[in-house]
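**Q** Sequence:
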Amino acid sequence: MVKKRNTLLIILLTMVQSLLAVSAGVAVLFNLSSDDIPTGVKAGISNIEGMKYTEAAETIEADYSQWFESNSFKLIVEDGETYEIPFSQIDFAVDGEATVNLLKTIDDIRDIPRLFQLHFTKTSVELAPVVRYDEAKLRMELLELSDQIFVEASDAQMQYVDGRIDKKPETEGVSLNVSNAADLIGKQLAENPLLDTITLSRHQNSVLQTVPASITMKDFEDIQHVIAGYTITATEQELAKPVQFAVDAINGTMMEPVAQGGEVFSFVNCLQSKSADFENDNEGYDQVASTLYATLLSAGIPTDSITRMAHKLAVDYIEPGLDAWISGDAGDLKFSNPFNHKIAIFAEKKGSMITVAIAGHGNDITQEYDISTQIVQRLTPPVAYVVDSDLKSGESITLNPGKDGVVVNVFRNDELISSDRYEAEKRIIRIAADSGLWDDERK
Numbered sequence: 012m013v014k015k016r017n018t019l020l021i022i023l024l025t026m027v028q029s030l031l032a033v034s035a036g037v038a039v040l041f042n043l044s045s046d047d048i049p050t051g052v053k054a055g056i057s058n059i060e061g062m063k064y065t066e067a068a069e070t071i072e073a074d075y076s077q078w079f080e081s082n083s084f085k086l087i088v089e090d091g092e093t094y095e096i097p098f099s100q101i102d103f104a105v106d107g108e109a110t111v112n113l114l115k116t117i118d119d120i121r122d123i124p125r126l127f128q129l130h131f132t133k134t135s136v137e138l139a140p141v142v143r144y145d146e147a148k149l150r151m152e153l154l155e156l157s158d159q160i161f162v163e164a165s166d167a168q169m170q171y172v173d174g175r176i177d178k179k180p181e182t183e184g185v186s187l188n189v190s191n192a193a194d195l196i197g198k199q200l201a202e203n204p205l206l207d208t209i210t211l212s213r214h215q216n217s218v219l220q221t222v223p224a225s226i227t228m229k230d231f232e233d234i235q236h237v238i239a240g241y242t243i244t245a246t247e248q249e250l251a252k253p254v255q256f257a258v259d260a261i262n263g264t265m266m267e268p269v270a271q272g273g274e275v276f277s278f279v280n281c282l283q284s285k286s287a288d289f290e291n292d293n294e295g296y297d298q299v300a301s302t303l304y305a306t307l308l309s310a311g312i313p314t315d316s317i318t319r320m321a322h323k324l325a326v327d328y329i330e331p332g333l334d335a336w337i338s339g340d341a342g343d344l345k346f347s348n349p350f351n352h353k354i355a356i357f358a359e360k361k362g363s364m365i366t367v368a369i370a371g372h373g374n375d376i377t378q379e380y381d382i383s384t385q386i387v388q389r390l391t392p393p394v395a396y397v398v399d400s401d402l403k404s405g406e407s408i409t410l411n412p413g414k415d416g417v418v419v420n421v422f423r424n425d426e427l428i429s430s431d432r433y434e435a436e437k438r439i440i441r442i443a444a445d446s447g448l449w450d451d452e453r454k
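Mapping of the sequence shown onto the working numbering: residues 12 to 454, in sequence order.
Worth flagging that the hints you see were computed from the coordinates, not collected in a lab. Every residue gets a Cβ at the ideal spot worked out from N, C-alpha and C, and that includes glycine. The reader is advised that the hints may include incorrect statements.
[Said to hold, decoys possible] With beta-carbon atoms standing in for the labels, derived distance ranges:
#, residue 1, residue 2, range
1, M320, S212, 54 to 64 Å
2, T93, N216, 17 to 27 Å
3, V275, R213, 38 to 48 Å
4, D46, K148, 27 to 37 Å
5, T93, A270, 53 to 63 Å
6, P313, L154, 53 to 63 Å
7, V172, D145, 50 to 60 Å
8, S190, T314, 52 to 62 Å
9, Q271, E95, 45 to 55 Å
10, L390, D425, 23 to 33 Å
11, E183, E146, 26 to 36 Å
12, D259, P412, 28 to 38 Å
13, R213, E95, 20 to 30 Å
Please work from the sequences and hints to get the whole structure.
**A** Here you go:
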């Protein structure tokens, strides 16, 4: 019996609450039919209490239009730079009609208590102005600003300086995500149309995004020490330009270990990839390639990892046995990385001095290598005579003194690693017509 009474009481209370809610809703709906704005209502900077709805909408738009016509909102990025976008550039405005219609809006039953309080109490109400703007124009403004905001990433750098490796870390870049920025700006201005400053950051909806560097310090972590270096004195000033080109072309080249799929380095391919003006035969290229070859031997790179061709005649800028002949048609200097870590080639030209160095990981430096050469045979140059009728009997002029040919062995420490033969360069002498030397040569 007691349970039945409690159940009836609950049902009765529920019915009373429902009737009160319906009555309140009817009263609110009745009041909404009025053309007057309730007392104590403001819409941002506009005091619209007591106005007709139409008048209130016009007042709101007029009050805000003056502000938007003469003001801008500022965008502050992480580096402190400030950019401005005039409200007028994006047709920014407050929709007066949509704003006052908030006083009549009933989306669901939860709005009834709010509207009841608004229309039947003396509580003041602040309406959030409903804004409108041209989103396409906002995106165009942001697209233009994105070029100014963009900061290009800076790659890590590594240089050979006075016999040591000097590294400079990378720096990240910054770019503006136009879509995310447009969403953020629209949201914040909808909440506060008079907001004059908006901060753009990487941590806020990814409005600013990091631009990673292509080359980082991690790429250089294997390059710790100079393994070997070699320096020569360049000859012939007219070769300075091709020498500099070859130096710049190979400088900074990184090589993966061949055991890890590293490619074979080709001096010719490297130079050809840098410029279409590559010359098939240029002694300036040979001088740089020869310096590189001597460096490879000094670094302990096995000769079976190196492909090289010597000159036909011995050259003046490096010892016989250490030169390398470069020709796009035939001659090349190739080698692979036999070590367990990356290596890097560095090259520089200072005045007439050409230096090439190989740098790599400390664990790959097992010992120091001394490169020496030994001439085991000299070849006498043949003599060629040229008859000159203007010369008096017994006179002669040496046109080319010629050069001895040599056979040379190259040693790394005490190990013979290569042997080369260089032909003798012919000696040319101009002689008088009645010289017996000419007759001897013809015989």
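**Q** Given a hint of 20 to 30 Å, does the C-beta separation of R213 and E95 actually sit inside it?
**A** holds (21 Å)
**Q** With 54 to 64 Å as the target window, see if M320 and S212 comply at their CB atoms.
**A** Since the Cβ atoms of M320 and S212 sit about 60 Å apart, the hinted range of 54 to 64 Å holds.
**Q** Looking only at beta-carbon atoms, does the pair T93, A270 fall within the given range of 53 to 63 Å?
**A** Distance hint for T93, A270 holds at roughly 54 Å.
**Q** The hint says 17 to 27 Å between T93 and N216; measuring C-beta to C-beta, is that right?
**A** holds (19 Å)
**Q** Holds or violated: 26 to 36 Å for the Cβ distance of E183 and E146?
**A** Holds, since E183 and E146 (Cβ atoms, about 30 Å apart) stay within the stated range.
**Q** Okay, D259 versus P412 on CB: inside 28 to 38 Å?
**A** At 36 Å between Cβs, range holds.
**Q** Does the Cβ distance between P313 and L154 fall inside 53 to 63 Å?
**A** This hint holds: roughly 57 Å between Cβ atoms.
**Q** Can you tell me whether the CB distance of V172 to D145 sits inside 50 to 60 Å?
**A** Holds, at about 55 Å.
**Q** With respect to the beta-carbon atoms only, verify the hint that Q271 and E95 lie 45 to 55 Å apart.
**A** holds (53 Å)
**Q** For S190 and T314, compare the CB-CB distance with the range 52 to 62 Å and indicate the outcome.
**A** holds (59 Å)
**Q** Can you let me know if the beta-carbon spacing of L390 and D425 is within 23 to 33 Å?
**A** holds (26 Å)
**Q** Honestly, do D46 and K148 meet the 27 to 37 Å range at C-beta?
**A** holds (35 Å)
Of the numbered hints listed earlier, not one is contradicted by the structure.
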